[in-house]
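Residue numbers (this note's numbering), protein chains in the order written: chain R, 10 to 303; chain Y, 16 to 358; chain A, 69 to 624.
Note that these hints are calculated values from the structure, not bench results. Treat each hint with caution, since some may be false.
[Stated by the list, open to error] Listed next, the stretches of chain R that the computed footprint assigns to chain A, with coverage defined by at least 3 CB atoms under 8 Å from CB atoms of chain A:
| # | segment |
| --- | --- |
| 1 | 28-42 |
| 2 | 206-217 |
[To be verified] Away from chain A, derived, C-beta distances all over 12 Å, residues of chain R:
| # | residue |
| --- | --- |
| 3 | V47 |
| 4 | P157 |
| 5 | S259 |
| 6 | A264 |
| 7 | W267 |
[As the list claims (entries may be wrong)] Sample of chain R residues lacking proximity to chain A, with all beta carbon distances greater than 12 Å (derived):
| # | residue |
| --- | --- |
| 8 | L134 |
| 9 | G201 |
| 10 | L271 |
Everything numeric in this text was worked out from a predicted model, so none of it was measured. Think of the CB as a built atom: it goes at the ideal place given N, C-alpha and C, for glycine as much as any other residue.
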Amino acid sequence: MTSPVWQRRRAAAATLWQEFSRNKGGLIGLGFLVVVVVLAALAPVITDESGLDVITATGTPLQPPSWEYLLGTDVDGRSVLLLTFWGARVSLLVGFAATVLSVFIGTLVGITAAHFGGWLSAVLLRFTDFFLVLPSLVLAIALSSVLPKGIATIILAVGVTSWPATARLVRAQTLTIESRPYIERAKALGGGHAHIVGKHVLPAVLPLVLANTTLVVGSSIIAESTLSFLGLGDPTAVSWGSMLQTALGSGSVTAGAWWYLLPPGLAIVVIVLSFTLVGRALETVLNPRLKGDR
Amino acid sequence: MTTSTTSTTGTNTVADLDERRSGTSTPRFLLGKIGGALASLVLVVVLGFLLFRMIPGDPVATMTRDRPTSPQQLADLRERLGIDKPLWQQFVDYFGGLLRGDLGESYSFSRPVATMIGERLWPTILLVGTATVLAVILGLWLGVRAAWRRNSTFDRVQTGIALTLWSVPQFWLGLILLIATQGLFPSRGMRSPDAPEHFFGQALDIAWHLTLPCLTLLAVIYAQYMLVMRSSLLEEMGAEYLTTARAKGLRDDLVRRRHAVPNALLPTVTLVFLQFGMVVSGTVTVEAVFSWPGLGQLTYQALRGPDLPLLQGVFIVLAGSVILMNLLAEVLYRVLDPRVRAT
Amino acid sequence: MTVTSPLLELRDLGVSYRTGGQDVAAVKGVSLTLGAGETLGIAGESGSGKSTVAMSVLRLLPRSAKITGEILLAGEDVGGMRWGRLRAVRWSAASIVFQGAMHALNPVRKVGEQIAEPIRLHGETGTAGTGAPDVRARVEDLLKQVDLPVGKASAYPHELSGGQKQRVMIAMALACRPDLIIADEPTTALDVIVQAQVLDLLGDLVAERDIGLMLITHDLSVLASACRRIAVMYQGEIVEEGPSATVMGTPRHAHTKALAAAFPTVGDPRSRFAPATAAPLPPEPDPPAEPSALLSARDLRVVFRDRGGAKVPAVDGVGLDVFENEIVALVGQSGSGKTTLARTLLGLQRPTSGTVSYQGEAMPTGGAGLRAYRRRVQLVLQDPTSALNPRHTVYEAVAEGPRIHRLGGVQGDEHSIVVAALEAAELRPAETYLSRLPHELSGGQRQRVVIAGALALNPSVLVADEPVASLDASVRGEILGLLLRLRRELGLAGLVITHDLGLAWNIADRVAVMYRGKLVEVGTVEQVLLEPRHEYTKSLLAALPMGTARAAEPGV
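Can you make the complete structure from the sequences, with help from the hints?
Okay, structure coming up:
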């Protein structure tokens, strides 16, 4: 039985890829993501970390782009290119880790709220709605201002404030699946909670969760940069947000040091847009409801 | 022909067995929603209280972590904040104060938090209000046009712009606008000291200061509204009642205006209100960049401290206002959408 | 008026859709004529192209559709009309009563406005003006014509029942006094009694004002009672056309025969225990000496609470037995509580009071006991398409039950159980179906897979909720034949829930009639259907379209 099943799965994956690759935006986004992730992973290999140290920095402060410093220098005379390079690592790390946390909580709450009705569902739903409407950034600010500063705090703050949207989505999808007669049939066959959730609900919900995850990474990166910009980030690590914070704090804006502002900002826009494009493309491919409309 | 002659049959001519039941009555609905909102508000207060007292143990240490403090100063501070009392006592004091409109005293400004928030409320309302109204108009209009011509150049360009703006951190967009318009617009504050005294002059001066922050906020939130409106209308486009409308001989634009848009508008309007939290989050960074004297900048200043009583007060006021907007959205939705009244 | 050209003439109409770079023909070479005051029925199964024909008359097909041939509306070619002319013709020359009034009405506008909309638009065609009072008067007039209270004008669609919405659709169709009305499955979603009312209404209106009516449906008996002529469509073509009595009485094409046989006449001895199936039925086994009750319900009550908190009894004191080796048909309209009763019998719904027992033992309420109970009593659902997980292969779907109950611990055993179940459900050879996905099967095959999934547990009672309601007419007989064969060969008892009295006549031994949560009449099929005692049973029988009965009599 295994081989035809695997053949079918491989064929399904091929069809998915085919449909995905028809979406130009998604393909471009995916290309960018691969490049950025590879570069960020290789940063210690292809660049010299010592250039990040304020004390050993060689350039003069706020120098416009030149051959020596392709993107100019920051207030401490460090290469903006190098900083942007290394900033990617923190931004991506926080983006991914916070997303895993957020999607995990969201999926758990969503499926629980939809599957086991009754008071548990009512309480969870109320709770989800409460966190959904709360301004998540304000909550994240509150959280990261009382916890010790550091990357873990940022991950926690972003992760535990961004799950309600995922929970709503998963809950809605679970409810749709559970209203299908084949769930009734599985119950009549004698299937319990574990059977229904494991065999029917999860496999149907996971593709959407995947698409949603991609979108959450994007917003987590923005949230990270915002918190760092507000001075709540890890003071020892360079991230795109903290670069912009230093830029504003050191008067680079009034000085017109555009080379200091553009690279980290554009990097955020490119990476978030890429995640968004990939996520939307995945959504169209994986969500049968969206696929249906002409 | 036996048209309209007999109307003696009254109301019970139809023998259909499946008469629809009517939905929840309006007072019952209102009570339920207001009750829910109150519960949420209490939850916000509890959350605010716990957040700033319990994690991670000693708020005084957090507040003073960046400067040297003597044990005597710490003890004074504890007493001033009331955290030498047991937790339940603190909560009762805090809740009682809240009911009287007392949000405690700011640590770094030594002024009542409630007064400070009161001063900063109006600039934020002005900024958020202007940006939201403009964003709704722009977003809905563009969204309808894009959806109706799905996959046209207009749709592709507009969706592309919206997606890009959606990926932009607001504070960065603000910085870029500042640099790009160097000196064209004021870079900080809400008024200039030399503005004319009369009302018109003052208003013009404020509008002048408002331009950039408003534009920054607008850019990101209109994109959200546009994308929502677009997908909501796309969802309606396959609906069968649109075929009915076309079969009646309606022009294409009438089919859209009279049938498709009203249906698609309803979920969008609610979303606009539901995403009010996002707008509030946006103001924090935008106000910080442009030094707009509102609640967002106050948050930013409280973070510098960190001034926990102030932060807590701002948190409660912002979260509470979002919950009120949400309540408004639910009531409005019921007024607008006849279907909700029945379910 | 001297009529020179018929109301509607289709000349060699062909419609094809472009999908994936290929032209797929939906309608091929259809020629039809309909004159004033005539009624023409178009019969066909889903996918036969009948709705495409309806939509092509007013050029409402999606842009991907390519139309060949001519559509002449009162002599004027619809295909050659400019947009302005086409819009003027729409609704004023011909209007459509759409299938499923639920979705065809705009949910956020009052029905009165929706009826008034075409009047304002095409004002000049009516005798009344387009001023507000005139329009209002006309809307009230129309509502009266379709027997709706005038006050309903200010109701929203969701506030109306299915039958009322369909009446609104008809009122809307009459609004501009068109010469031609096209009704596309106008009664499909409606209950028997409401269906009869709507059909009567349509028939009266046509007779009164010389309107041409084109009635499209899959239910031949509906057409037979409402139309003078019938055209049968099959795979995009008209395979048979003629006066309804001829088409119904002496069908020539094989497909027409299948359609006609799918709706048997209650009381016709030829269709008693004889569903329209190609395979022969085994002979009736000897009845057990002393039949014992397998599944029994005693004083069963299920009470729901509506949103206002009021108690609504869905099942109200029901006592029912299903004996060995018999099929019981539970008949009733939607909302009568029959599905709730079925769910309660399966332990999917907890009864408020009363008991369900299997062979005299009360049904356990949970745990291993309930699971064991479910091995004995199995379920077949209405729509096989949604009753199968689209991601699971036939093998997985059938093996689901045995896996839950840990039957056949060894892989080989499970395989043989699945194959045996598929064979029993007449999917032969079973091996060719194992790795297929539901969407690769036809509706009838899917229902067989669902039945096989139940058979894999080797149950004694099968509870089938409208097992053929969503299947095409020609497959219906085969599935009913299967249920009958399973009873005769395996002694599998059945409780078949249906709104269709013909189905009961086809395969059931006994009938239980359910009305508003109560069983109003229980007895053998012959007793209940031929000599009904309760008023409700009588009204159900009276609402049956008469065509089938008439066609069965020789010489009509």
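Hints, verified against the model:
With 0 residues having a Cβ less than 8 Å from any Cβ of chain A, the segment 28-42 of chain R misses the three-residue criterion, and the hint is violated. Under a criterion of three residues with beta carbons nearer than 8 Å to beta carbons of chain A, the stated coverage of the segment 206-217 of chain R is upheld, 4 such residues being counted. The claim that R/V47 lies off the interface holds: its Cβ sits roughly 34 Å from the closest Cβ of chain A, which is beyond the 12 Å cut-off. With 12 Å as the threshold on Cβ separation, the claim that R/P157 sits away from chain A holds: the shortest Cβ distance comes to roughly 46 Å.
The Cβ of R/S259 sits about 55 Å from the closest Cβ of chain A, beyond the 12 Å cut-off, so the non-interface label holds. Consistency note on R/A264: stated as away from chain A, and its beta-carbon is indeed over 12 Å from all of that chain's, at 56 Å minimum. Its beta-carbon lying about 49 Å from the closest one in chain A, R/W267 satisfies the requirement of being farther than 12 Å from that chain. R/L134, annotated as away from the interface, keeps every beta carbon of chain A farther than 12 Å; the closest lies near 17 Å.
Against the 12 Å criterion, R/G201 falls within the reach of chain A, whose nearest CB is about 8 Å from its own CB. At the 12 Å boundary, the C-beta of R/L271 stays outside the reach of chain A, the nearest C-beta of that chain being 45 Å off.
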